[in-house]
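Chemist: Chain by chain, the residues run as shown.
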Amino acid sequence: MRKLGYSVSALFAVIAAGFALAACGGGSSSSTGDTAIPKEALGNAATTIGECSADPKSGGTLVYSRRAQAQDLNPLVVSGGNGDIFVVNQIFDQLVTSNPDGGFELTPAIAESWDISDDGKTYTFHIRKGIKFSNGQPVTAEDVKFSLDRFADPKLNLILAVAAVGYEKSVVVDPQTVRVELSEPVAAFLYNISIYPASIVPKDLVLEQGDAFWDAPVGTGPFMVKKFTRGSSLTFAKNPHYWEEGKPYLDTVKFNFAEEDNSRMLDLKSGKAQMVDGVPYSQIPSVLDDDQLQLQVVEVPQFLGLWLNHQRPQMADEKVRQAMQYALNRDEIDTAIYRGVGSTPNSVLPRLKFDAPAGEVEPYPYDVEKAQTTIAESKYPDGFDITLKYPAGFEDYKQLGLYLQQAWEQIGITVKLQELDQAAVADAFYAGDYDMTFPYAQFTSDVTVPDEYANLLNDPGSGTDGFFSWWHDEPIWKKVKEFTTTIDEDTRAEQWPVIQQEMLDTSPVINVLNLPFVNAHREGVCGSKVDALGSDQLQDTWLTSAE
Amino acid sequence: MSTYILKRLAISVVVLFALAAASFLLIHLVPGDPVRQMLGSGATPENIASVRSDLGLDRPMIDQFGTFMGNTFTGQFGDSITLRTPIGDLISERIGPSVLLILYGVFFALIIGVPLAVAAALRPQGFADNVIRIATTFTFAMPTFWLGLVLALIFGLQLGIFPVSGYETGVGGFFRTLTLPALTLGLSLVAMVVRTLRTQLLVVLGSEHIEAARARGLTERRVVGVHAIRNSIMTTITVISVQIGFLIGGTVVLEYVFQIPGMGTLLIDAVTNRDFPLVATITVLAGATVIVVSLITDLIQLALDPRVRLADS
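Protein sequences appear in the order of chains A and B.
Numbering-wise (this note's numbering), the first sequence opens with residue 8 and increments by one.
Numbering-wise (this note's numbering), the second sequence opens with residue 5 and increments by one.
Think of the hints as simulated: they come from the structure by calculation, not from any bench.
Any given hint might turn out to be false.
[Stated by the list, open to error] Only some residues are given here: those of chain A computed to face chain B with a beta carbon under 10 Å:
1) Asp79
2) Val84
3) Val85
4) Asn164
5) Ile166
6) Gly238
7) Asn263
Beta carbons are placed, not taken as given, at the ideal position from N, Cα and C, and that holds for glycine.
Taking the hints into account, I'd like the entire structure generated from these sequences.
Modeler: Written as structure tokens, this is what we have:
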């Protein structure tokens, strides 16, 4: 009996200690469980608050903990995906760029102006006067021609050759002027050359140094690489020759690679990092509760793209797909899983330029009755069994899978969930070895115009079988082809909503929800801007603590 | 004795060979293509085919296997597919933090575990004994991932004693950045140390030579601290060496949680990228480490414990 008494009291002692520990670890609890954050509480924090309304100060070091690590700084290799792309965007510029303040429009970068011929096949770019690379040498038309030729070379550009569609050649008119000739009018050409593969690099250095150039790259971007410790961090130094007067304000920027979500948030909360990207949805309430932290919700063309394999007869049935759309309660998904940061789409693609608003192209309403009558009209009125593949390691995908399972049970579709790691999901996707899948954990468009994904889904010449959906609709394809070759913006603004509506009606794939990027930073960080593609505009950022 | 060592070495080589073959085969059986991972969604089928061919990934499996085995056993490990740098360079860059983490972790396991085991053994079934056994079972059962985050939260964020993440070189950096992860590792191992040492101590403390030592008038401290410990520690060392696999696995998780650029995070990235040669090489190295550690432990036992030596001859 005495022995038992000792065991029991010992057990209680340990448990009591455990509770005491938990109590001091409590702090700010997540205030909201199921309720969404009111939309007014969120925002792209480019708005100036408090000390940030003063003038920018120069100097200081910004530590930014990032979800994706950098592997390769060659803009035509970027084997590390977004981790590389966001680094490349600090080091290099392109002829034109997405507006740093956000929005769909492009602004001049290396090119200060350009002329477009009436037939849309010739672009003449005028290089910004006095613009230099970070080593002081001037940017010339030779560098631009060299960079664009590389971008269009299918042997060099292995990652996004489709962005160079239509490119024929560049001609050096004079050291400040380059004429680019296309084989056919490409409406999205300026958008296609505004992104990372079309970065302008110094011809002589790249030819001289070969692969070694990318270990110490030289570009026109606001920052230069000072130190790259693979697997750990990348430190940037200010580019003294940056073309925007007075910028960048920061002396140094350090990217810490913090793939693990909790670790990254601890970096921010402890002050080790002043900015983070990829705030996990479940931690949004705790960031909002913390006075020292500011959430930053950025609209980007990101969506929860659910791809359907039309080689499966059930997925090829239009009524089935429409029924699936009607059975989704997007508000509930947004509130419960995404803490209200998402938005209901009215397109099968993410939110892009030329999209008609929700008043003109209506999103699918949540209507279970309609869903049931619609599936009754299909070839599978009694429903069927089907498998959903999705990437592992994401809390929100797990929850989303469970939600979809119970949503579609209402129309007789029994979903079997299959969680696989990203590479296995991708493998199955490209091989067409799936029924339904979320092919990418982070699914975004590379440009803010619909041309890229409209082509991928519709163009039989894209070589991707409807971007691995095995769907094709000839009338829609004809409209898309016309849209992508029409230069006049006003005409395009009329053409796209028609395509948007038709694609939404037949719903070859399902856009479950549009999602923003969710970043956060500590107070004292001002001017944190992100462009419409999610790239941080660190040239505009400054610290109130700088001397 | 030398025949024993030679036999062990021969078996080790066979085991390593089998391990290399198994790692190679397994990573190739898992779905996923490194070239697709590298090039992304925008790559055309022609691009992919040409890169696969450049990297020699379209050669027959037997061919690739032969190259891999040759590379591994001559120590010229070949190149990483994704990072396109020699694997040898990558490993020498990243092995430091992992080795330091494991050693520091074992140090913590011992420095916490040995005193606790002694305290528990001196009054078996006493209050201290029960608390110690229950508490160490808790830390053993806690997932390393979770325990690491909790320590980072308490000692890093709330108390501010250590940084919450990261790795710095140098002596100061070692103590600042590796203490929390090593402590996590040590705490998960401490239960094993405490249990085995306590049991062995109880056996030894009840034995005749200890009684004799006490009868001769040696202080309790000398009896326990010198004679009892010395006879018990061997089981503990054996247990730790058997756990080396667990420790290596623990570093993978802890490096991920604490943002330490060691072999663990290198392996995680390699698996995500399906970087076949890198995954297989790291696995073989981990296996080799286990084999070497176990061999060394046996040799230490041979050297320290006359009973084993005599039994062998």
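Chemist: All hints, please: hold or fail.
Modeler: Verification of the hints:
no., hint, result
1, Asp79, "8 Å, holds"
2, Val84, "8 Å, holds"
3, Val85, "8 Å, holds"
4, Asn164, "9 Å, holds"
5, Ile166, "5 Å, holds"
6, Gly238, "4 Å, holds"
7, Asn263, "7 Å, holds"
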